[in-house]
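Asks: Listed here are the chains, written in short residue letters.
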Amino acid sequence: MGDHHTAEACYKALHHKFPGSTRVKRLEGLLLEAKEEYDDALALYTDILEKEPTNLLIAKRRVTIQKARGETVAAITELIKILEIYMTDIESWNELADLYISEHSYEKAAFCLEELILANPHNYLNHQRYAEVCYSQGTVDSLNASRKHFSTALKLNPGSLRSLYGLHQTVLHLSTNPKLKGKREEKVKNEDILSWTSSQLQHKYQDIHRCSKIVEQYLKTGK
Amino acid sequence: SSTRVYIMMHYSVSAKAYGKIIFHCAKYPHRAVNGVLIGTISKKDNSVQVQDCVPLFHAKLDLTPMLEVALTQVEIYAISKGLSIVGYYHAKPQLDDSSLTDTIKSIGSKISQNSDVSCVLMVDNRKILTSHNELAVKMFINQEQTNQWKEQRNISLMGGDPVMSLLIKAVENGIFQKLIDFDNHLDCVDADWTNPSINKFIEELKEQ
Numbered sequence: 030m031g032d033h034h035t036a037e038a039c040y041k042a043l044h045h046k047f048p049g050s051t052r053v054k055r056l057e058g059l060l061l062e063a064k065e066e067y068d069d070a071l072a073l074y075t076d077i078l079e080k081e082p083t084n085l086l087i088a089k090r091r092v093t094i095q096k097a098r099g100e101t102v103a104a105i106t107e108l109i110k111i112l113e114i115y116m117t118d119i120e121s122w123n124e125l126a127d128l129y130i131s132e133h134s135y136e137k138a139a140f141c142l143e144e145l146i147l148a149n150p151h152n153y154l155n156h157q158r159y160a161e162v163c164y165s166q167g168t169v170d171s172l173n174a175s176r177k178h179f180s181t182a183l184k185l186n187p188g189s190l191r192s193l194y195g196l197h198q199t200v201l202h203l204s205t206n207p208k209l210k211g212k213r214e215e216k217v218k219n220e221d222i223l224s225w226t227s228s229q230l231q232h233k234y235q236d237i238h239r240c241s242k243i244v245e246q247y248l249k250t251g252k
Numbered sequence: 603s604s605t606r607v608y609i610m611m612h613y614s615v616s617a618k619a620y621g622k623i624i625f626h627c628a629k630y631p632h633r634a635v636n637g638v639l640i641g642t643i644s645k646k647d648n649s650v651q652v653q654d655c656v657p658l659f660h661a662k663l664d665l666t667p668m669l670e671v672a673l674t675q676v677e678i679y680a681i682s683k684g685l686s687i688v689g690y691y692h693a694k695p696q697l698d699d700s701s702l703t704d705t706i707k708s709i710g711s712k713i714s715q716n717s718d719v720s721c722v723l724m725v726d727n728r729k730i731l732t733s734h735n736e737l738a739v740k741m742f743i744n745q746e747q748t749n750q751w752k753e754q755r756n757i758s759l760m761g762g763d764p765v766m767s768l769l770i771k772a773v774e775n776g777i778f779q780k781l782i783d784f785d786n787h788l789d790c791v792d793a794d795w796t797n798p799s800i801n802k803f804i805e806e807l808k809e810q
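Heads up: the sequence lines are chains A and B, in that order.
Residue 252 is where the first sequence ends in my numbering, and the numbering goes up by one at each step.
Residue 810 is where the second sequence ends in my numbering, and the numbering goes up by one at each step.
Hint data in this document are derived by calculation from the structure and do not stem from the laboratory.
Every value quoted in this text rests on a predicted model; they were computed, and no experiment measured them.
Where a beta carbon is used, it is the ideal one built from N, C-alpha and C, also for glycine.
Be aware that one or more of the hints could be misleading.
Simulated crosslink set (DSS-like; lysine-lysine; CA at most 27 Å straight-line) [as the list claims (entries may be wrong)]:
(1) Lys242/A <-> Lys780/B
(2) Lys110/A <-> Lys662/B
(3) Lys242/A <-> Lys646/B
(4) Lys646/B <-> Lys729/B
(5) Lys208/A <-> Lys218/A
Label-pair restraints from in silico Cβ distances [as the list claims (entries may be wrong)]:
(6) Lys712/B <-> Ser228/A: 27 to 35 Å
(7) Lys771/B <-> Pro207/A: 37 to 45 Å
(8) Ala38/A <-> Gln754/B: 18 to 26 Å
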């Protein structure tokens, strides 16, 4: 919020009451980060980690500073180290996926998202995100994976507009891709899914006056 | 697309377009945000008028499916208003970084495929609320023959400094919270990414 004065006052009160506390020390680090005094913050965190090498929260603060400085590769390396110890930490897998995506390392991002799906297969967001990464890879195999996971996301959350659009775009590409004509017989044809997604989208927008005309035209494109 | 001879064109940005760019940044100060610029091209005057913009995303900017949906729909919207897509804006989450990345260049190139002109406006985060007489954006133009993006300073705000001050004041008054981007629309279909009420607000602001 930018209100460093109040933050400092709170920190001082806590430090007075709990002088040896690591939690309070972390707040001191956060204050330094807020003031962009990253080197001092890093020194503080390194100090804490020497005494408490398994402090996950502090280790993550190091990653945050690297991110703030735009040091994506360093942040990735640091996160991988964290995950070697804390293999089930969801937040770290999520963060690592985001970092890989920002570097266009879609395969590595996909690996992280697969871990998240394994950990929590009923969370539609994991499938949706995985599908978006697969779509971005752009190969026929990845588009088929995308189709599968957008479908799963929709099944888990039928209200997800993002997954609906995602599935629509995926089958649009698959059904108009000349390389796929005459290839393997599928249980459900892309063209049939396309009809379904189109009618679902029309239904969603029927009461939304301004956008419905745009969506009508959108549904006609690319076919 | 046909080969184009590179000519230095002057870009003028409307209050509506610039206002929504800074509102978008103000709404999500800790994230990257981006959007599409729409407007008109005047070949005989060698100028481009950025009449409006559509804020797109504040999360997962680097993934393609929703970007494709958004670009198709924004183009349809632009045509319905007699406008065309003339560029792309992007603000990075880091305060001092306004450099182009490969993603930004490729989105910029993708947008310029179907357009006669295209620019990328990179937001200078430090300047958004502090500069009352200088646009808080850096413009990059793709020079076709070299396929490089070079910074050009041939850009101005329609209405000049008074408009800029009014827009900054509007940010301070919190109106930016009502801005809708395509991401908001995907989360809630009722949210209108054409932003009619913010557009009206900015028009009324200029008349004061």
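Asks: Work down the list of hints and note, for each, if the structure agrees.
Replies: Hint by hint, here is what the structure shows:
no. : hint                              : in the structure
1   : Lys242/A <-> Lys780/B             : holds, 23 Å
2   : Lys110/A <-> Lys662/B             : holds, 24 Å
3   : Lys242/A <-> Lys646/B             : violated, 33 Å
4   : Lys646/B <-> Lys729/B             : violated, 33 Å
5   : Lys208/A <-> Lys218/A             : holds, 15 Å
6   : Lys712/B <-> Ser228/A: 27 to 35 Å : holds, 29 Å
7   : Lys771/B <-> Pro207/A: 37 to 45 Å : violated, 55 Å
8   : Ala38/A <-> Gln754/B: 18 to 26 Å  : violated, 47 Å
When the structure is compared with the earlier hints, violations turn up for hints 3, 4, 7, 8 and for no others.
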